[in-house]
Amino acid sequence: MTRIVIRTSETLDDAARLAASLFLGLMVMLIGIQVITRYIFADPPAWTEEGARYAMVWAGLLGATIAFRSASDPVLVRPAIVTEGRLRFAGLAGRSLAVVLFLAPILYFCIFGPGLDPGRGFLARSAVRQAESLGVSMVWFTAALPLSIAIILIHVLASLARRGAPAPPKDESHET
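For the numbering used here, count along the sequence shown from 1 and bump the result up by 81.
Don't read these hints as lab results, they were simulated from the structure.
Any given hint might turn out to be false.
[Claimed, not checked] Estimated spans, in silico, between C-beta atoms of each pair:
(1) Tyr120 <-> Val156: 24 to 32 angstroms
(2) Phe122 <-> Val156: 42 to 50 angstroms
(3) Leu197 <-> Met110: 38 to 46 angstroms
(4) Thr92 <-> Leu182: 43 to 51 angstroms
(5) Gly106 <-> Arg169: 32 to 40 angstroms
(6) Pro155 <-> Ala231: 18 to 26 angstroms
(7) Gly113 <-> Gly175: 41 to 49 angstroms
Bear in mind the structure is a predicted one, so any value in this text is a computation, not a measurement.
Think of the CB as a built atom: it goes at the ideal place given N, C-alpha and C, for glycine as much as any other residue.
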């Protein structure tokens, strides 16, 4: 079971890296179109600005999952007592508990509304709204929040499964 959780975390991290990179590239491309059409043609389409904004949200939230897994996320305190020695797992458990206590209610209300009604949850309410200039359901953009929370919670489980050992660094070298 622990191998499955760890492998799932690794796979999700790889997918988040790819998707965040694609969304970042899309954002830059849309901003480029916006700049060119604004300053050369004096007629920027509104959809580029809205598309760039939503691409930024997806890239940012997926990037947050990557930062969390690699322990590159901002923290208030990173004392050595919880990163080394016998208290490592206690520190990990405390961090994990804090993350779950913060994110679980947000994930809950993304799915459910008052009275456990999924029809009144954040995603359901977003599904009936449309983006102004893109004309698609807002759920395609708001889904980034519960998805990123779910990925972070899986990373928490994988971290606990590794008993606090840091996630192995990504091999960024392309040696053959």
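Can you name, in rising order, the numbers of the hints this structure does not satisfy?
Numbers 1, 4 - these are the hints that the structure violates, sorted from lowest upward.
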